[in-house]
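Colleague: Chains as they are written, first to last, in our numbering: chain A, 1 to 351; chain B, 352 to 733.
Quick caveat, the hints were computed from the structure, so don't treat them as lab data. We put the CB at the ideal spot given by N, CA and C, even for glycine. Careful: at least some of the hints might be erroneous.
Straight-line C-alpha distance at most 30 Å; calculated DSSO-like pairs for lysine-lysine [said to hold, decoys possible]: (1) Lys651(B) x Lys39(A); (2) Lys651(B) x Lys323(A); (3) Lys96(A) x Lys651(B); (4) Lys108(A) x Lys372(B).
Far from chain A by the CB rule (all over 10 Å, computed), these chain B residues [as the list claims (entries may be wrong)]: (5) Met383; (6) Asp450; (7) Lys576; (8) Asp583; (9) Ser601; (10) Glu682; (11) Pro710; (12) Leu731.
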Amino acid sequence: MEQLGGVGVPHYMENLPPVIKKNYGKWKTHEIVKPGVLKHITENGEECYTVRVGMPPARVSTSTMLEMCDLADKYSGGYFRVTQRNSLEFVDVYPKKIDALIDDLDKKGFPVGGTGNSFHNPLACPAWIHCNLPATDSPGIAKALGDAFYTEFKNQQLPAWLKINIAACSNIEEALMGDIGIIGVHRDIPNVIDEDMGICERPTVIAQCPTGAIRPKGKYSVEIDPKRCIHCGACTMHCEAILTGDPDTDGFAVAVGGKAGNTGSGPELGRIVIPYIPNNPPEWKEAVEAVTKIVNTWKKDARKWERIREWINRISWEKFFEKTGIEMTYKHIDSYIYGPEFARTDLRFRW
Amino acid sequence: MGSKTPLVDKLCKGPWPSHGKELKRTRYPILMYENAMKEKITQWGHGGMSAVPGLGSGSIARASKRPDIIKESPLMRVLGACGGFYTSDAFRKICKIADTYGDGSLHVHTTNSNIEICGFKDDEGLENATRELNKIGYDVGSAGDAIRNIPDCIGAARCENALIDAMGLRYFMMIRYIDDIQYPRFPYKIKTKISGCPNECSKAQLHADVGIIGVFRDAPKVGQKELKEWVDKGGNIEDVCKNCPSDALSWDGARLMIDKDACMHCMYCINRVPAIRPGDERGVAITIGGKMKGKYGPMKGKVLVPFIKAIPPDYKELTEVYDRIVEVYDEHGKKKERIGDMIHRVGWDKVLEWCGVTPTAQNVISPRRNIFYHWKEEELRR
Numbered sequence: 001m002e003q004l005g006g007v008g009v010p011h012y013m014e015n016l017p018p019v020i021k022k023n024y025g026k027w028k029t030h031e032i033v034k035p036g037v038l039k040h041i042t043e044n045g046e047e048c049y050t051v052r053v054g055m056p057p058a059r060v061s062t063s064t065m066l067e068m069c070d071l072a073d074k075y076s077g078g079y080f081r082v083t084q085r086n087s088l089e090f091v092d093v094y095p096k097k098i099d100a101l102i103d104d105l106d107k108k109g110f111p112v113g114g115t116g117n118s119f120h121n122p123l124a125c126p127a128w129i130h131c132n133l134p135a136t137d138s139p140g141i142a143k144a145l146g147d148a149f150y151t152e153f154k155n156q157q158l159p160a161w162l163k164i165n166i167a168a169c170s171n172i173e174e175a176l177m178g179d180i181g182i183i184g185v186h187r188d189i190p191n192v193i194d195e196d197m198g199i200c201e202r203p204t205v206i207a208q209c210p211t212g213a214i215r216p217k218g219k220y221s222v223e224i225d226p227k228r229c230i231h232c233g234a235c236t237m238h239c240e241a242i243l244t245g246d247p248d249t250d251g252f253a254v255a256v257g258g259k260a261g262n263t264g265s266g267p268e269l270g271r272i273v274i275p276y277i278p279n280n281p282p283e284w285k286e287a288v289e290a291v292t293k294i295v296n297t298w299k300k301d302a303r304k305w306e307r308i309r310e311w312i313n314r315i316s317w318e319k320f321f322e323k324t325g326i327e328m329t330y331k332h333i334d335s336y337i338y339g340p341e342f343a344r345t346d347l348r349f350r351w
Numbered sequence: 352m353g354s355k356t357p358l359v360d361k362l363c364k365g366p367w368p369s370h371g372k373e374l375k376r377t378r379y380p381i382l383m384y385e386n387a388m389k390e391k392i393t394q395w396g397h398g399g400m401s402a403v404p405g406l407g408s409g410s411i412a413r414a415s416k417r418p419d420i421i422k423e424s425p426l427m428r429v430l431g432a433c434g435g436f437y438t439s440d441a442f443r444k445i446c447k448i449a450d451t452y453g454d455g456s457l458h459v460h461t462t463n464s465n466i467e468i469c470g471f472k473d474d475e476g477l478e479n480a481t482r483e484l485n486k487i488g489y490d491v492g493s494a495g496d497a498i499r500n501i502p503d504c505i506g507a508a509r510c511e512n513a514l515i516d517a518m519g520l521r522y523f524m525m526i527r528y529i530d531d532i533q534y535p536r537f538p539y540k541i542k543t544k545i546s547g548c549p550n551e552c553s554k555a556q557l558h559a560d561v562g563i564i565g566v567f568r569d570a571p572k573v574g575q576k577e578l579k580e581w582v583d584k585g586g587n588i589e590d591v592c593k594n595c596p597s598d599a600l601s602w603d604g605a606r607l608m609i610d611k612d613a614c615m616h617c618m619y620c621i622n623r624v625p626a627i628r629p630g631d632e633r634g635v636a637i638t639i640g641g642k643m644k645g646k647y648g649p650m651k652g653k654v655l656v657p658f659i660k661a662i663p664p665d666y667k668e669l670t671e672v673y674d675r676i677v678e679v680y681d682e683h684g685k686k687k688e689r690i691g692d693m694i695h696r697v698g699w700d701k702v703l704e705w706c707g708v709t710p711t712a713q714n715v716i717s718p719r720r721n722i723f724y725h726w727k728e729e730e731l732r733r
């Protein structure tokens, strides 16, 4: 029998549309024809049109993907790509057929947009669909926010682009890298199932805890000191016998101001501005309300091209709290070793 | 008699594409999701790395807390194609495999650019699916304590800012390290990402243990004639000059001057003005220790090598550094400790030394303020 694996990935030239294969590395500029439609131009004037489509969060059915394949055959010679934000791009669309493609996608319920200064495709992990760790349901929140910012996705009226990432537990996926991030928060003490602890490596579990809250108990098991636990979830990730999650106390936090690019103030991780909101499926009203409040303040106050982080850097955190009406509490201050780093050391206040 | 899944039905409303609708088009056990929303807690049990029989990784196990609905539901990670480009023919075949062996639901591109095929029935299915994927040139992997999939940005394929051939470099690395991607042997996962320029579309510095980012060293090139045309058409060059983070631009009404020493190559003006292009002295920067999860929380990647040449076809300088990082981590990392946590534990100076990097001012924000220092044994004289 042949050996499995060792294949790698298809050669990178294999899946490229002809115009891209021909002009690989020879692109000169690009423009946004209209929201969701990009035109890339080469040095010798050749053009490549791309149509960007918002996709459902976390899961997509093979039936839908097969329909997308059919659309790609019809409109773009059978080529499409998945972007870093998991939206779908039909690459090298025949220019005359762009409107027909957008119509076809509209009929199927897929919006075209997410380019330039718009709300980009939200990223979500599978959470309640297929995971054991989540404190909240990312795809549900992503869907609710997608509904709320649907017009912002389809037009480019925001000051700069708005990237919202959603993660359901302290693994955070990409949530701290988005302009707005939503992160699931556990508040219960992890539950140790003593009789199952035999399958875990006790030293690994104990070494995982950043605050030294885990200590040995009996011959095989461990116990967790509730006073020291900071609910990071590090132990639950590596041990099948330590469980976390409680329907009454699980919820999510909202972070703002992450960005990856090196322009402006450089790459920054987001900061948590709303420490806890309880779960409320399937409408997620509180999540939508909180995010809308922040986005609307930013929209009103920011200069053109200013992303949320750059806006906050200009107006300062005291003005951010004042303008958004979010109340500053003890829960905004790091209670772990990084706390003192965030204490203010200058007197250049803005009142 | 109402619907069996009232909450999922609510999710199907609204203009945005709904995952509820998608799940209902597959054989996914929708009651698991319905109950999760009803009880506000996940219905799935512990998962973890399991292996495709005959391989070291490639699939994730997932137990269920509701054996009355479904007993288990493993999924398989397929390494996504370079730049995310697919042909409809190849993707149809992937869909067919997902329909045959899985429940028909896909995660089209996880954050690490894998395609996940969900809901396998048994190990035999995993093995057969892998065999069929191999036949069409795709492969599985990227699970467990291995080098993970190496996602890239679109790079030179369709981007004028690309400073390196991101897709070519990714293909080279995937082929070179495919054994390490499929056979876990490290203390914990090693995520690697490639970005073509400091705009960081693939978030290599923030999200990857090893980030490889295209950079340039000389001043940006200005096409003065094209720039004048752009300004005449209504381009706001004063605004660009004002917002340059290093204050390196000056515009006298006809020519744009760039202060070469002040420029910090952040791509701001290049993004805004089509007539400004990146310089010609190009290479990559390598950052290590970026991560989100793990013991000490989220960390940004730290600059290990600020500039190194990346020359195809063998990328000799780059792979030397990469191999060294992997060796250092393999030797010094503790079990289930990410590179970022290791740096936190042993110190930045040690890691630079182990990796054979002579420190430069580009490796630090500032020199230390702390007078305490761990002098070496040969430096201690009695």
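Colleague: None of the hints should be skipped; say for each whether it holds.
Modeller: Status of the hints after comparison with the structure:
Proposed proximity of Lys651(B) and Lys39(A) is contradicted: the alpha carbons are some 34 Å apart, above 30 Å. Among the hinted pairs, Lys651(B) with Lys323(A) is consistent with the structure: their alpha-carbon atoms are about 29 Å apart, no more than 30 Å. With a C-alpha separation of about 45 Å, the suggested pair Lys96(A) and Lys651(B) falls outside the 30 Å cut-off, and the hint is violated. At most 30 Å may separate the alpha-carbon atoms for a hinted pair to count; Lys108(A) and Lys372(B) meet this at roughly 12 Å.
For Met383(B), the requirement that its beta carbon stay farther than 10 Å from each beta carbon of chain A is not met, with the minimum near 8 Å. With a least CB separation of 5 Å from chain A, Asp450(B) falls inside the 10 Å interface cut-off, contrary to its annotation. Distance to chain A confirms Lys576(B) as a non-interface residue, since its nearest Cβ pair spans about 15 Å, more than 10 Å. The Cβ of Asp583(B) lies farther than 10 Å from every Cβ of chain A, with a closest approach of about 17 Å, so its non-interface assignment holds.
Here Ser601(B) stays apart from chain A, with its beta-carbon at least about 19 Å from theirs, past the 10 Å limit. Separation of Glu682(B) from chain A is adequate, the least Cβ-Cβ distance of about 18 Å exceeding the 10 Å criterion. Chain A leaves Pro710(B) outside its interface by the beta-carbon criterion, the shortest separation being 20 Å against a cut-off of 10 Å. Annotated as non-interface, Leu731(B) keeps its C-beta farther than 10 Å from every C-beta of chain A; the closest such distance is 30 Å.
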